[in-house]
Amino acid sequence: MNHVVSSLKYFRFLWWCQSFIEFMIKLNQVHFSYGHADPIVNGVSLSVSRGQVVAVMGPSGCGKTTLLRLVAGLLRPSRGEATLLGAPLPYDDASALRELRKKMGMLFQFGALFTDMSVFENVAFPLRENTALSQADIQQQVMTKLTAVGLADAAQKMPSEVSGGMARRVALARAIAQNPQIMLFDEPFAGLDPIAMDTIAQLIREQTDELNAASIVVSHDVQETFAIADYVYVMHHAHIVAEGTPMQLWANEDPFIKRFVHGRHGLEVGA
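Numbering-wise, UniProt numbering puts 30 at position 30 of the sequence shown, and it's gapless, one number per residue.
If you are wondering where the hints come from, they were derived from the structure by calculation, not from laboratory data. Cβ atoms here follow ideal geometry from the backbone N, Cα and C, with glycine treated the same way. There's no promise every hint is true.
Below, simulated SDA-like cross-link-like pairs (lysine to any residue); rule was C-alpha separation at most 20 angstroms, straight line [what the hints assert, rightly or not]: (1) Lys103 - Arg50; (2) Lys102 - Glu129; (3) Lys103 - Asn130; (4) Lys102 - Gln178; (5) Lys103 - Ile138; (6) Lys102 - Gln141; (7) Lys103 - Arg128; (8) Lys103 - Thr144.
Derived DEER-like restraints, expressed as beta-carbon distance ranges [to be verified]: (9) Lys157 - Gly263: 35 to 43 angstroms; (10) Arg76 - Asp230: 24 to 32 angstroms; (11) Phe125 - Ala227: 26 to 34 angstroms; (12) His237 - Arg76: 18 to 26 angstroms; (13) Glu129 - Gln109: 18 to 26 angstroms; (14) Glu81 - Lys157: 37 to 45 angstroms; (15) Thr147 - Asp230: 21 to 29 angstroms; (16) Asp116 - His237: 37 to 45 angstroms; (17) Phe108 - Glu22: 24 to 32 angstroms; (18) Gly244 - Gly150: 27 to 35 angstroms; (19) Ser160 - Ala227: 28 to 36 angstroms; (20) Gln202 - Asn130: 25 to 33 angstroms.
Let's have the full structure, built from the sequences with the hints guiding it.
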């Protein structure tokens, strides 16, 4: 009972202060490591405002996905503070953390669809699990989201019957099913052909604008990410090594940043 009361107080406070929030997502000197191992995230600070697409980029193994998991509350920082919607993440209150995640939409790498559910049921899943909506309201919401990603005609298909690009759009429709205030995208362009990559990129931008959400895109695909990002953080060896608008990073003269942004050889080795 005490946990329920504390969760209600937490969300009343959250609701009251949201109109005053400058940053929807804020990390302040966040560190993370497993035990005494070398840090995977080392002193990272970043912020995301409502309506912004912020990218976290860098080569494989630099700590990008771990950083996203810290934002989602799936991992707890070793040091530092993660703040969402104006309040520290409630790590010690499972109920409050669960309620907070209902305000998030997450698109996992490769989509992670339920293979035994239709496209419609995949998108409906978070609505059935997390809301008390009627079947009629669920029907309307799911079809609205499938229409938004151009897949209304695929509602009754199974995941095995759609292409990789279409499956990623289904996953995006599921991520936005509850009209989230925060959206997290883990390598949303991985494994897609250039046309599908461009489609997903534009949908991320459109849905961020439509929902006035705060979005983080974790990616190493420069062209697609720079096309939609308002601001970019570049990670390397667990640190943020550069940040700025896409235009500022295009003009950055640091050797590592030039290799990363312009696709020069030798990025992964010795950089």
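Verification of the supplied hints:
1. Lys103 - Arg50: With a Cα-Cα distance of about 13 angstroms, the restraint between lysine 103 and arginine 50 holds, given a limit of 20 angstroms.
2. Lys102 - Glu129: Distance ~10 angstroms between lysine 102 and glutamate 129 Cα, so the pair holds.
3. Lys103 - Asn130: The hint holds at about 10 angstroms.
4. Lys102 - Gln178: holds (8 angstroms)
5. Lys103 - Ile138: holds (17 angstroms)
6. Lys102 - Gln141: Roughly 16 angstroms separates the two Cα atoms, so the pair holds.
7. Lys103 - Arg128: holds (15 angstroms)
8. Lys103 - Thr144: holds (18 angstroms)
9. Lys157 - Gly263: 35 to 43 angstroms: With Cβ atoms ~36 angstroms apart, the hint holds.
10. Arg76 - Asp230: 24 to 32 angstroms: holds (28 angstroms)
11. Phe125 - Ala227: 26 to 34 angstroms: This hint holds: roughly 30 angstroms between Cβ atoms.
12. His237 - Arg76: 18 to 26 angstroms: holds (22 angstroms)
13. Glu129 - Gln109: 18 to 26 angstroms: The hinted range 18 to 26 angstroms holds for glutamate 129 and glutamine 109, with Cβ atoms some 21 angstroms apart.
14. Glu81 - Lys157: 37 to 45 angstroms: holds (44 angstroms)
15. Thr147 - Asp230: 21 to 29 angstroms: Between threonine 147 and aspartate 230, where Cβ atoms are some 26 angstroms apart, the hint holds.
16. Asp116 - His237: 37 to 45 angstroms: holds (41 angstroms)
17. Phe108 - Glu22: 24 to 32 angstroms: holds (29 angstroms)
18. Gly244 - Gly150: 27 to 35 angstroms: holds (33 angstroms)
19. Ser160 - Ala227: 28 to 36 angstroms: 31 angstroms Cβ-Cβ, so the 28 to 36 angstroms window holds.
20. Gln202 - Asn130: 25 to 33 angstroms: Once the Cβ atoms are compared, 27 angstroms apart, the range 25 to 33 angstroms for asparagine 130 and glutamine 202 holds.
The structure meets every hint from the earlier list without exception.
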